[in-house]
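Trainee: The chain contents come next:
2 protein chains.
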Amino acid sequence: MVLPRAARTQRRTRIQEEKEERILEAALEVFSAHGFRGATVDQIADVAGMSKPNLLYYFRTKDAMHRALIDRVLDTWLDPLRAFDAEGNPVTEIRSYIRRKLEMARDFPRESRLFANEVLQGAPHIEDELKGPLKELVDEKAEVIRAWAKAGKIAKCDPYHLIFAIWSTTQHYADFDVQVRAVLGQGNSGEGRFEDAARFLERLFVDGLQVSEQPIS
Amino acid sequence: MVLPRAARTQRRTRIQEEKEERILEAALEVFSAHGFRGATVDQIADVAGMSKPNLLYYFRTKDAMHRALIDRVLDTWLDPLRAFDAEGNPVTEIRSYIRRKLEMARDFPRESRLFANEVLQGAPHIEDELKGPLKELVDEKAEVIRAWAKAGKIAKCDPYHLIFAIWSTTQHYADFDVQVRAVLGQGNSGEGRFEDAARFLERLFVDGLQVSEQPIS
DNA sequence: TGTAATGTTTACCAACCGGTCAAATTATCA
DNA sequence: TGATAATTTGACCGGTTGGTAAACATTACA
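Line by line, the protein sequences are chains E and Y. The first sequence begins at 1 in UniProt numbering and counts up by one. The second sequence begins at 1 in UniProt numbering and counts up by one.
One should not assume that every hint holds.
Said to hold, decoys possible - Among chain Y residues calculated to face chain E with C-beta under 7 Å, some are:
id, residue
1, Val41
2, Gly122
3, Pro124
4, Val138
5, Cys157
6, Thr169
7, Asp175
8, Gly208
To be clear, the hints were calculated from the coordinates, so they are not data collected in a lab. Predicted model only: the values in this text are computed from it and were never measured. Note that the Cβ used here is the ideal one computed from N, Cα and C, for glycine as well.
Let the sequences and hints guide you as you build the complete structure.
Mentor: What follows is the structure, given as structure tokens:
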């Protein structure tokens with residue numbers, strides 16, 4: 001009998017494990033490059049190296065595949081923000097959050113683009129995740145930042161917009177990679193880009209652009 | 001005789017003017033929401049309130065429509081950067097650039113998303129514009145910033161990454177609008193958002209997060 | 001080893017895709 | 001007004017889309 005995926009309450013076959021892995025990897029490749037509507041099941045099957053009906057045996061619809069992919073990736077994606085530690089030194093924490101986010105933009109650009117595509121097109125598939133788990137996590141960390149500001153450990157600022165600023169500046173290097181490369185030209189497209197970006201952003205967020213005599217840091 | 005669009009060397013009819021306007025408006029709506037591949041000609045025709053063959057009478061292909069739209073919008077989009085004045089006060093110039101970009105994110109979010117979609121998906125249709133006019137303009141303004149830094153008027157920093165940071169933080173409010181709304185919740189989604197964002201960003205770029213006694217500014 | 005569950009493939013479908021065509025309609029202007 | 005050019009429409013085309021049906025192959029396991 002053909003058991004639909006949802007009904008598998010028991011353990012998964014070795015084959016299932018392997019194929020689902022290959023499919024989600026291919027789905028990440030295609031969805032991140034073209035968005036949900038722009039991606040085709042045929043293309044994903046092709047990248048995964050299997051026939052379309054075979055792929056649809058593991059994920060019955062394009063939508064189910066996309067959802068499974070989002071579920072798997074979202075958790076990892078929020079890890080750096082979770083690591084944000086209320087007890088740590090504020091400047092150090094923000095610094096290493098920036099660095100971690102930048103590393104993720106460098107090492108997992110497809111994941112970044114997956115979400116960017118989704119949110120950009122109105123987040124029709126992940127609205128719940130945004131308003132639920134994401135908002136709760138951000139609320140929690142925003143409270144931490146607010147406390148730091150109140151205690152005079154960092155400048156008074158809106159914690160939400162601070163988080164937005166860190167997200168946008170770091171993910172920019174994944175989402176707008178083509179533009180960054182085009183503007184920087186051939187020379188600066190190598191590995192050094194991320195080091196330059198890290199140095200600039202850490203400096204920006206800590207000291208701004210004001211001229212200053214080697215701040216306390 | 002049916003004159004293809006390209007052959008119109010003479011002045012354009014009133015009808016042509018109106019219809020092309022309506023089509024590009026509809027195309028902006030649809031392309032910005034779904035990206036090139038995700039958009040359909042039928043949908044654009046529907047939004048424009050005309051039949052598909054009628055639309056294709058004015059723009060012979062989906063591609064031509066997209067190109068015309070990009071051409072029309074790109075110039076306007078780069079205006080704020082052009083206004084960047086080498087002779088002005090550096091901090092003031094950067095401040096008002098941020099403000100102008102933020103105003104564009106607020107007033108023309110669809111234009112922002114049009115480019116975001118395009119770049120995100122590898123910029124297959126605007127690679128030339130990025131490597132040509134865009135790069136040249138950025139190079140020019142980066143030189144201005146570098147001169148300011150050299151003269152000690154602002155902190156020493158990589159001018160390219162500074163421009164990227166301004167682009168990403170401001171356009172974030174257009175491109176990731178859904179996420180911003182979801183995180184901020186109902187209360188803060190009104191007009192005040194942009195005022196908060198402006199205040200935060202101007203502060204961030206000028207002073208950073210370091211605690212400071214009312215800087216010179 | 002046998003057999004039932006799992007996995008894979010071929011052939012196919014209706015709906016939709018970008019785009020064409022010729023006929024019908026409307027605007028322009030001598 | 002009439003004829004000519006510009007515009008609009010409905011019917012249609014080949015290719016692609018997400019997804020299905022059923023036969024076939026393979027695996028797991030008693």
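Trainee: Work down the list of hints and note, for each, if the structure agrees.
Mentor: So, going through the hints one by one against the coordinates:
Interface hint at Val41(Y): violated, since its Cβ lies 14 Å from the closest Cβ of chain E, which is beyond the 7 Å cut-off. Proximity of Gly122(Y) to chain E holds as hinted, the smallest CB-CB distance being about 6 Å (cut-off 7 Å). With a least beta-carbon distance of about 9 Å to chain E, the hint placing Pro124(Y) at the interface is violated under the 7 Å criterion. At about 5 Å, the closest approach between the beta carbon of Val138(Y) and any beta carbon in chain E falls short of 7 Å, and the interface hint on this residue holds.
Hint status for Cys157(Y): holds, given a least beta-carbon distance of 6 Å to chain E, under 7 Å. Interface restraint check for Thr169(Y): the shortest CB-CB distance to chain E comes to about 5 Å, inside 7 Å, so the restraint holds. The interface hint given for Asp175(Y) holds, since its Cβ lies 6 Å from the closest Cβ of chain E, which is under the 7 Å cut-off. The criterion of a C-beta within 7 Å of any C-beta in chain E is met by Gly208(Y), whose closest approach is roughly 3 Å, and the hint holds.
Figure legend: structure checked against the earlier numbered hints; hints not met, in rising order: 1 and 3.
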